[in-house]
Amino acid sequence: MALSAHQKIAFTPAELQFLAENEPITIVPTRHIEKLELISGSYGPFNPPRKAQVPLWLAAMLKSSSYCRIVPPSWMDSENLEKICNSEEQPESRFSNLPPYYIIVASILFECAEDDIPEAQSIRRLLQDVGEIRQGKVREGLKYLNPAQLQMDNLSMAEINQIRPLFKGAFNMLSSLADLKRQAPFEADESQYSQMNTNSSLMH
Amino acid sequence: MDIDEPYDNNNYSSSHGVPNEGQDNTHAHQFHEDDMIDNDAFGQAPRMEDDDDDEEVGLENTDSLNTTNKPKSSKGDSTKQDHQTSEGQGQNNTSSADAEVDWYVQEDNNEEDWIALKKAWINERNSPEILPYAGTVLENLMELMSFQQEAINELREQGDPKSGFKTIILLTDLERIKYIVRSYLRARLSKLETHAQFYLSDLAYRNRMSQQEIDYLSRHVQALESHYVDSFLNQFPRHLKSSIVTEQDAEEDGDESAALSGASMLTKPDLNEAVFCRVKEEIGDYQFGDAQDIIYMARNSIFITKYSTVRHLLEDGKVDLI
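In the order they appear, the protein sequences are chains A and B.
The opening position of the first sequence corresponds to residue 29 in my numbering, with each subsequent residue numbered one higher.
The opening position of the second sequence corresponds to residue 74 in my numbering, with each subsequent residue numbered one higher.
One should not assume that every hint holds.
Capping the alpha-carbon separation at 25 Å, the derived lysine to aspartate or glutamate pairs in DMTMM-like fashion look like this [what the hints assert, rightly or not]:
| # | chain 1 | residue 1 | chain 2 | residue 2 |
| --- | --- | --- | --- | --- |
| 1 | B | K341 | B | E266 |
| 2 | A | K36 | B | D233 |
| 3 | A | K63 | B | E180 |
| 4 | A | K111 | B | E346 |
| 5 | A | K63 | B | D233 |
| 6 | A | K36 | B | E248 |
In short, the hints are calculated from the structure, not lab data.
I would like the entire structure built from these sequences, with the hints used as guidance.
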C-alpha cells in the first residue's frame, strides 16, 4: 500500500520532524562559508559574525561540524516561557501563541545545540510544563466538541497530530448522530444501514 | 557563484580572521553581541522566489528578486500582528490587547515551488478526497532536481576532498525535496486506490489526476477485477457476476438489477469527514454548514470541522488543512 495504516490517520513523528526541520532559524557562522545554492533556496555567503537565517536542518548540519552557533528563537527564553506557563495555567485561558512546531524545534535544538541555549535546563523544564498544561486543556476541549465545528487557535502541529485520531473519530460520530436526529427515525435507520453496507462491501 | 565552481575550502579556514582551531565560546559570544543581521546579504536569501520560466532557476537569480517578502528579524518584530479578534469557542479569550507574533506570515508569503508542494502534500494527506494535481510545481521541481543532481555529480567527479561538506549539504537538500515529492505522490496513490473505480468514473475527479495516475489506476482496477472474476465471481450466477464492476459496465450488459447494485457498491470518499484547518486570510463571519452558529474566521484561527464545510475555502486557497 502507498501509505501505512498509521499514515492514513495522522502524520508520523518522523514526518512531523521533517516538517519542523524546514522552519527558519538564525545562526551566527563561525567560519566563512560560500553561498549555498539549494533547491529550497539560496543561503549565504556566510561571513562571521553576521547573523543569517537558514532552515533548521541546515543549521543543525553546520552546527554539528562547528561551522556556526545557533541563536535560540526568541520564544525559547525562560522568562517568556515562564509567562506563557502562568497564563496557560489560568482557568478559561486560551492557548498562548507558540510557533506551529515549537515542541519539535525545541527538541531538535536541545539535541544538536544545547550549548547554545542559555538556561537550557530550566527552559527544558518549562517547555515540558507548558506542554503538559496544554495537553490537559486540549482534553478539556473535547467536552466542547459539537457536530458543526470547534475552534482551537494556536495549537501546534504536534498537538493537533496527537489529538487527531481521537477528535476526528469523536467528531465524525457526533455529526453522523446529528444527521440521524435530523431525519425521521425510520428513514434514518434505513439510510444508516444501507450506508454501512456500502462501506463494508467486497471492495475492502 | 556558479554551482559547478570548485568549492574552495580555504574559505572555511582561518584566513578570514576566524580561528579554525581552538575556537571557543568567547569568540562566539562576541559575534552575538554584535547583534546584527545583514538583511541585504542574508535576510532575503532564504525566501528566494523562483522564476518558473528561468532555466537557471534557484541557481543564479538570488539577490535581485523578492521584493515582496519582508525579511524577518530574529526577534520577529516585523511580523507582529494583532489578531485578537478571534474568540475561542470553548477557550475564552482572557488576555486582551497584546500584539502577537504571526508565525505563519513568512511561509504564507513564500511562493517557492517546494513550499507549494509541501503545502499540497499536507493538504492531500488531510483531505478525504483527491485534490487537483500540482503538475506545474512538480515539473519545475523535477527540472531543478535533475539540474542539482548534475551539479552534485560534477562536484563529485572533481573529487576535491575539500568540497565534501558542500556536496553533503547539496545532497541532503536534494533528498529532502525528493522526500516531499515521493510523500505527495504516495498520499495521492493511497487515496486513489481506495476509491479507484469512483475516481475513474467521475470526470471532475479525472481532471484532478495526472495522466500517469489515470493509467496506473486503470491498470489497478483491471487487475483487481480480473482477480475477483478468477477467484470467485465466475462461480456466481450470471446476474450477480457483474455487480462488482462499475455502473456503466453493468448497464452495458443490459442487466438492470446488476446496474443498480453495481452503483451501490461504488465507494466514495466521505466529504463530511472531520478535518483540521487553519485560516490563511481573514474570512470574516462564516456559517458552518447547516448549523446555526456563525463563526468569525480570523487569520490563523484553527478549526476542526466537516471537510465539506471548508471545501471551497480550500479550493480558493483561503484555508490550509493541517
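Could you work out which earlier hints the structure fails to respect and list their numbers in ascending sequence? Hints 2, 4 not satisfied by this model.
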